[in-house]
Amino acid sequence: MSKPSLIRYAILLALIALWFLVTAMEWVKPIQLPPPAGLWAAWQADGSRFLDAFALTAAEIAVAILIAWPLGIGVGAVFGSLRAVSAVASAILGSLFAVPAIILYPLFIAWVGMGPESKVLFGVIAGFFPIALNTLSGVRQVDESYVTMARAMGASRLQVFYRVVLRLALPSVISGLRIGTALIMISVVVSEMLASFGGLGYMIAYHRTMFDTGHVYLGILMALLTVLTVNWLLSMLESHFSKWQERGADL
Amino acid sequence: MSSEVIRVENLSKVYSTREGDFHALDKLSFAIEEGGFVSIVGPSGCGKSTLLQLLTGLLEPTSGQVLIDGIEVRKPLPEKTGVMFQDATLLPWLTAEENVAFPLSLCGTDKKESQRRARDLLKLVGLGDFINHRPAELSGGMRQRVAIARGLVRDPRILLMDEPFAALDEQTRFKMGEELLWIWQETRKTILFITHGLTEAIYLSDTVLVMGTKPGRIIEVIPVDLPRPRTFEMISSEFFGKARNRIWKLIQEEAEA
Numbered sequence: 089m090s091k092p093s094l095i096r097y098a099i100l101l102a103l104i105a106l107w108f109l110v111t112a113m114e115w116v117k118p119i120q121l122p123p124p125a126g127l128w129a130a131w132q133a134d135g136s137r138f139l140d141a142f143a144l145t146a147a148e149i150a151v152a153i154l155i156a157w158p159l160g161i162g163v164g165a166v167f168g169s170l171r172a173v174s175a176v177a178s179a180i181l182g183s184l185f186a187v188p189a190i191i192l193y194p195l196f197i198a199w200v201g202m203g204p205e206s207k208v209l210f211g212v213i214a215g216f217f218p219i220a221l222n223t224l225s226g227v228r229q230v231d232e233s234y235v236t237m238a239r240a241m242g243a244s245r246l247q248v249f250y251r252v253v254l255r256l257a258l259p260s261v262i263s264g265l266r267i268g269t270a271l272i273m274i275s276v277v278v279s280e281m282l283a284s285f286g287g288l289g290y291m292i293a294y295h296r297t298m299f300d301t302g303h304v305y306l307g308i309l310m311a312l313l314t315v316l317t318v319n320w321l322l323s324m325l326e327s328h329f330s331k332w333q334e335r336g337a338d339l
Numbered sequence: 013m014s015s016e017v018i019r020v021e022n023l024s025k026v027y028s029t030r031e032g033d034f035h036a037l038d039k040l041s042f043a044i045e046e047g048g049f050v051s052i053v054g055p056s057g058c059g060k061s062t063l064l065q066l067l068t069g070l071l072e073p074t075s076g077q078v079l080i081d082g083i084e085v086r087k088p089l090p091e092k093t094g095v096m097f098q099d100a101t102l103l104p105w106l107t108a109e110e111n112v113a114f115p116l117s118l119c120g121t122d123k124k125e126s127q128r129r130a131r132d133l134l135k136l137v138g139l140g141d142f143i144n145h146r147p148a149e150l151s152g153g154m155r156q157r158v159a160i161a162r163g164l165v166r167d168p169r170i171l172l173m174d175e176p177f178a179a180l181d182e183q184t185r186f187k188m189g190e191e192l193l194w195i196w197q198e199t200r201k202t203i204l205f206i207t208h209g210l211t212e213a214i215y216l217s218d219t220v221l222v223m224g225t226k227p228g229r230i231i232e233v234i235p236v237d238l239p240r241p242r243t244f245e246m247i248s249s250e251f252f253g254k255a256r257n258r259i260w261k262l263i264q265e266e267a268e269a
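If you read the sequences in order, they're chains A and B.
Mapping of the first sequence onto the working numbering: residues 89 to 339, in sequence order.
Mapping of the second sequence onto the working numbering: residues 13 to 269, in sequence order.
No lab work stands behind these hints: they were computed from the structure.
The structure presented is a predicted model; accordingly, all values stated were derived computationally and were not measured.
Here a beta-carbon is modelled for each residue, glycine too, at the ideal position from N, C-alpha and C.
You can take every hint at face value.
Only some residues are given here: those of chain B computed to face chain A with a beta carbon under 7 Å: (1) T68; (2) L70; (3) P88; (4) P90; (5) V95; (6) D99; (7) T101; (8) P115; (9) L118.
Over 10 Å on every C-beta distance to chain A, these chain B residues come out as not near it, computed from the model: (10) Y27; (11) S28; (12) D38; (13) G57; (14) L180; (15) E190; (16) L238.
Okay, chain B solo, but in the shape it has when bound:
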């Protein structure tokens, strides 16, 4: 039986400004099933970051709700959702291992156990030889891998990713995508991936949600019917090209509107 891990119902967020109310998000609804990989793409300013803050419980919705495992999100639920941002935001004085273990240290997990988990995860992301390196000694891609490991350390069912590879060069970015798919397959997490990259979104996901702007809302749901494992050649397939054109057209129309 497939079950919904994330359910967003009529989610709205309105900011009051001097010029009047600003509708960042307007009645968003979608659901993600367990083990799914869903991407969100949209033009700049479509409220992607607001959505992520609502999903993590860092912001309160104006109306509507976010349900994770059937529970309404009102504050961060680190045991259910791991997060990762564009910036790796690793703490510079901690080693890779200590950075990965950081969320565990916040909730008082036994030190030996934290260490063991951090090491296992660093091995999973291919950094088994770098456990004692500090962030300054790691490359941009390696830092993002540490951040992935940190996002997984409390063994959440969901991983929320906010443009995690946006700051990386194209080659590294593609490799990180491959890596992420592998990790996803290994750990069976549910992933919500926010990105600006159309190719990246289609390549990685089961479903792409396209957002419109002013107000932020979902304008189309595009299922990606490509077999797994995904291969580089698929990017030049007919389906891939059509999907990418479709998303680009939608975003263009939104930007002009």
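Bound conformation, chain A alone:
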């Protein structure tokens, strides 16, 4: 095991130990932080409801990703390769990205209702901009000489785009995907907390009003695990595509 990951596990273990300690010694009130047993009790009482909530949240995140990724990459790639408009498009996307999407959430509810659709829509809007922006700048920065080379070697415009330009822009695209996906996950959970009928965000918000702190923390823990899992998958994707960048030594 590598040293950084050892340190990470050590910190995690220490935090869990600290959790046992401060709750057992009653240094904090159970309503602020329940003992681990409180989470266990919540799980035993309402485990299946939590699993349903998790399934709904995971599905909303997955659908939002399936829409936002291709949409963001597509829009970014198209505007990035149109040299005449890419600067303007980048500025427009950039300022739209700066608008907090949450102020539009009430509108989304009015348009598509309080069900999962509004969460997906909110997630897509939040995730789309960083993905499109990063793809756009990645495509724009591709050195023109690669395009000339590929064209001279007989590549069609489509081949130039898929085999050369998009591939060269990939590091930038992937960093957009990481930011965008993080925003999608945040947005889905937050929008569930604001107004919804289900999902982990709903469970957290609902049980908070009931002062079921054990339930609240169980929801938080499951949301955390979801986010960490997706992040881990993304870093696998990233390292798969960036192997060729790591070895940069000149002979």
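Fit chain B to the supplied structure of chain A, relying on the hints for placement.
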């Protein structure tokens, strides 16, 4: 029978700008025979790069034409002309072998066959032990060798080279020139070599075309009557010195005009 592989006839390229028409090239005409090694030298801004883009079919001429094997060039003809640029422009995620095979992959050549050809060519350019190295693991000279191999992979009759060794240090550059002459002799390609280097141009070529600027045109054709194989000592010969002085004078006059 010797035959013309490249024929350029009255080739002109005019760019319209806000300040009016800019004549990048004006009525260029020349021909290169099969197996010839011709260099083009000229001052900066004489339209060398425009000429190369026209020869590869990446640009359309305003008037005149480029004929390759008697066929007018209207789009890239990778099966007839291989190209190589100052930048090796190797794709960083591909190995040397995959980079060399890249043009073949664009036209759907059988994978086994592509691999075999790429390996043979990497051996030809002296990189037989580096087929699985990525560009980042190769030196500048090695990357240019991979680019030469890639230019040859579709077995074109012509190799167009746009200042291919300009970014290399002098020693590496000289070695690459030697290497190129050897490859040329082995493969019997027709080479058009664009360069800023006077010594390089004379040392490598049968003929040096000197270009003038504003508008870009050919101002003199200098035949290099030096025996082959060329040797380092020839650079200090009387003929070599005279040819170099002549080209330098022409370019100076153009730059002042």
